[in-house]
Amino acid sequence: MEKFVDPGNHNSGIDLLRTYLWRCQFLLPFVSLGLMCFGALIGLCACICRSLYPTIATGILHLLAGLCTLGSVSCYVAGIELLHQKLELPDNVSGEFGWS
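Read left to right, the sequence shown gives residues 230 to 329 (my numbering).
No wet-lab data here; the hints were simulated from the structure. Treat the numbers as computed from the prediction; the structure is a model and nothing was measured. Keep in mind that the hints are not guaranteed to be accurate.
[As the list claims (entries may be wrong)] Computed Cβ-Cβ distance ranges for the label pairs, DEER-style:
no.: 1; residue 1: S303; residue 2: C278; range: 35 to 41 Å
no.: 2; residue 1: S323; residue 2: V302; range: 20 to 26 Å
no.: 3; residue 1: P319; residue 2: L270; range: 47 to 53 Å
no.: 4; residue 1: N321; residue 2: C276; range: 55 to 61 Å
no.: 5; residue 1: L245; residue 2: L296; range: 21 to 27 Å
no.: 6; residue 1: G242; residue 2: H313; range: 18 to 24 Å
no.: 7; residue 1: E325; residue 2: I285; range: 39 to 45 Å
Each residue gets a CB set at the ideal place from its N, CA and C atoms; glycine is no exception.
Given the sequences, and given the hints that come with them, work out the whole structure.
This is how it looks when you write it as structure tokens:
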């Protein structure tokens with residue numbers, strides 16, 4: 230799904246930065262989930278083998294999964310900031326992250 234330079238106008242061209250931020254925001258949680266499942270499989274094998282070394286690999290995979298999750302959140306925030314730069318907010322909207 231392409232994001233356009235002028236939001237709502239499909240004739241304005243494709244904004245590649247926002248498009249790829251959206252794709253990363255969508256794909257990185259699946260990469261994170263895959264790393265977590267692979268880490269769980271290695272952890273299960275570590276329990277069966279009664280070895281400590283595979284648990285180190287499990288910890289590294291969980292760390293990478295956490296970094297993928299952090300990257301996904303960062304892509305979301307960057308995409309929202311870029312969208313706020315493109316759109317003009319009404320006068321009664323503060324434009325801040327916060328609880329509604």
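Results for each hint:
1. Our hint of 35 to 41 Å for S303 and C278 holds, since their Cβ atoms are close to 37 Å apart.
2. As the Cβ distance of S323 to V302 is approximately 22 Å, the hint placing it in 20 to 26 Å holds.
3. A hinted range of 47 to 53 Å for the beta carbons of P319 and L270 is consistent with their spacing of about 51 Å.
4. For N321 and C276, the hinted distance range of 55 to 61 Å is satisfied, since their beta carbons lie about 58 Å from each other.
5. Checked against the hint of 21 to 27 Å, the C-beta distance between L245 and L296 comes to roughly 24 Å, which is consistent with it.
6. Distance hint check: the CB atoms of G242 and H313 are about 19 Å apart, consistent with the given range 18 to 24 Å.
7. For E325 and I285, the Cβ-Cβ distance of about 42 Å falls inside the hinted range of 39 to 45 Å, so the restraint holds.
Of the numbered hints listed earlier, not one is contradicted by the structure.
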